[in-house]
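Novice: The primary structure of each chain is shown beneath.
2 protein chains.
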Amino acid sequence: MVEPLKFEILTIGNELLIGKILNTNAHWLAKRITSLGGKVTRILVVGDDVEEIASALKSCLERHPDFVLTVGGLGPTFDDKTLEGVAQALGRRLEVNEEALEMVKAKYEALSRLRGRKLELTPVRVKMATLPEGAKPIRNPVGTAPGVLIETEGVTIISLPGVPNEMKAIFEDFLVPMIKKRSRLVFCEKSLRVDGIYESELAPIIEQVLRGNPRVYVKSHPKREEGAAYVELHLTTSAETLDEGMKLIELTVSELKRHVTERGGRISEIAEEG
Amino acid sequence: MVEPLKFEILTIGNELLIGKILNTNAHWLAKRITSLGGKVTRILVVGDDVEEIASALKSCLERHPDFVLTVGGLGPTFDDKTLEGVAQALGRRLEVNEEALEMVKAKYEALSRLRGRKLELTPVRVKMATLPEGAKPIRNPVGTAPGVLIETEGVTIISLPGVPNEMKAIFEDFLVPMIKKRSRLVFCEKSLRVDGIYESELAPIIEQVLRGNPRVYVKSHPKREEGAAYVELHLTTSAETLDEGMKLIELTVSELKRHVTERGGRISEIAEEG
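Listed in order, the protein sequences are those of chains A and B.
Everything in the first sequence is counted per this note's numbering, starting at -14 for the first residue and increasing by one.
Everything in the second sequence is counted per this note's numbering, starting at -14 for the first residue and increasing by one.
Chain A on its own, in the form it takes in the complex:
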């Protein structure tokens, strides 16, 4: 069986640790990677601190995923410390990358024309082109700070900006083709609603059905709606084709239906929210 590509997501930013913002970036990436047949094995959040970023990245690399995606901390401000942390984790120096500098320069030239006054390449702007040795900049189609690619010991590290539309644009333009090229799996899912049976009564049924269908994953979520309790089941699998994946899911659904009906419960399908 084909193994999925493994990803770890390292999101960086004090605003996440103080609960100022929700980690919608990690959520979007996890969903998108899963839909491409990849597997996110861990998500980490650390603050804007070089030591913390370096130690977290090192722990990611020790687990040897195919990709580590860092998110945030690539901008011009003093607390954008991601590349310093990456450089420290890898024992590489930071240096002005000529290709990245051209990208940043072009952005400020365009902004200068737009504003009608010259925006100089100040030190904080050059900072966005200062990358760990051996890194490759990735064009940012909607913002100023380039993304950054580094290959190290079989792991591809991609640093993405934290501004959501910039992160998404680089992911779609650059990462999606890369993932599709390297992965040979597609992701399939289905949601079910189970009424008339407790989650704790459902648990041994699911366990039994999954013993016969080890490639399908079933997660149960107790829910409440207008006072009525029910259980939502979310079935997922990865397969080499959508057809093969949906067959695995449908087989599991029919077995679950049989057992639940025998116990006096009801199963219905839930349309995916997309």
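Worth flagging that the hints you see were computed from the coordinates, not collected in a lab.
Accuracy of the hints is not assured; some may be wrong.
Chain copies aren't distinguished; within one or between two, either way the pair holds.
[Claimed, not checked] Simulated crosslink set (SDA-like; lysine to any residue; CA at most 20 Å straight-line):
1) Lys103 with Lys175
2) Lys242 with Glu136
3) Lys204 with Thr137
4) Lys43 with Thr26
5) Lys153 with Ser253
6) Lys5 with Pro149
7) Lys153 with Ile6
8) Lys43 with Met163
9) Lys5 with Arg178
10) Lys166 with Glu83
Take the given structure of chain A and dock chain B to it, following the hints.
Specialist: What follows is chain B alone, placed relative to chain A:
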């Protein structure tokens, strides 16, 4: 200066890694802990896997925070593996905890009365009362699975259920008094909107102002609203009294205002969203 209590949050659930749900639990906890004067130093997300939970918890313990909060995976189903992971990380055995069993029993007796039929203490229900040796159960005021408290080498591990209203109820009932007793800091914050100046021009100003106000933290966020770009600044600090904290913040605000105005920019205050 009084040090804040340090927290790490370990959220557990495949549904987070496939991007099915947003990590609103970690967000809520981070915000609530910060408002109590605590400091969240790291957030981790792992799947429903004993080895992953154990290895992540071990890495949290190595950093010696005051608290590690695990969230999720306490329920009756086969994929609720948190306590197994905790036991493995600590090298402790799992055993039926009499106090926890009484709590679970009482819940099912109440449910039996409500339903008019006897709900037995099946193995999957007893599982919710099967805790690592030396653990103390925490009463769950709104659900079935108790929370779990373990003290180990100066770190307090608290395991909370993943159902949001259960997690919040246990946090408010049990953890808030515990944190207030152990912490002597309050958290203060203010948001500013800066117009008419680029983030990259603002960066050196912030850096200069913070050198003179090291206890205040300022984070800048580039924003866009109806086509107009501006920068949001979020100032935070912890202090022994609200008064002392707000004085530190106001001093920083007035220095920022002076520098920004000199450069032709404008600063206004933003009401907190609460």
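Novice: Next step is simple, just say for each hint if it's right about the structure.
Specialist: Hint check:
In the homo-oligomer, the alpha carbons of lysine 103 and lysine 175 never lie at most 20 Å apart, since the shortest distance is 55 Å inside one protomer and 33 Å across protomers. Proximity of lysine 242 to glutamate 136 under the C-alpha cut-off of 20 Å is found in neither arrangement, the shortest distances being 47 Å within a copy and 44 Å between copies. Taking the shortest alpha-carbon separations for lysine 204 and threonine 137, neither the intra-copy value of 35 Å nor the inter-copy value of 31 Å comes in at or below 20 Å. Taking the shortest Cα distances, lysine 43 and threonine 26 sit within 20 Å of each other both inside one copy (15 Å) and across copies (17 Å).
Within a single copy, lysine 153 and serine 253 get their C-alpha atoms no closer than 34 Å, and across copies no closer than 30 Å, so neither meets the 20 Å cut-off. Within a single copy, lysine 5 and proline 149 get their C-alpha atoms as close as 15 Å, and across copies as close as 18 Å, so both meet the 20 Å cut-off. In the homo-oligomer, the alpha carbons of lysine 153 and isoleucine 6 lie at most 20 Å apart both inside one protomer (17 Å) and across protomers (18 Å), since each shortest distance falls under that limit. Taking identical chains as interchangeable, the C-alpha atoms of lysine 43 and methionine 163 are never at most 20 Å apart, the minima being 23 Å within one chain and 34 Å between chains.
For the homomeric pair lysine 5 and arginine 178, the shortest alpha-carbon distance between copies (16 Å) is at most 20 Å, but the shortest distance inside one copy (34 Å) is not. With identical chains, the CA atoms of lysine 166 and glutamate 83 are never at most 20 Å apart, being 28 Å at best within one copy and 55 Å at best between copies.
Checked against the numbered hints above, the structure violates hints 1, 2, 3, 5, 8 and 10; every other hint is satisfied.
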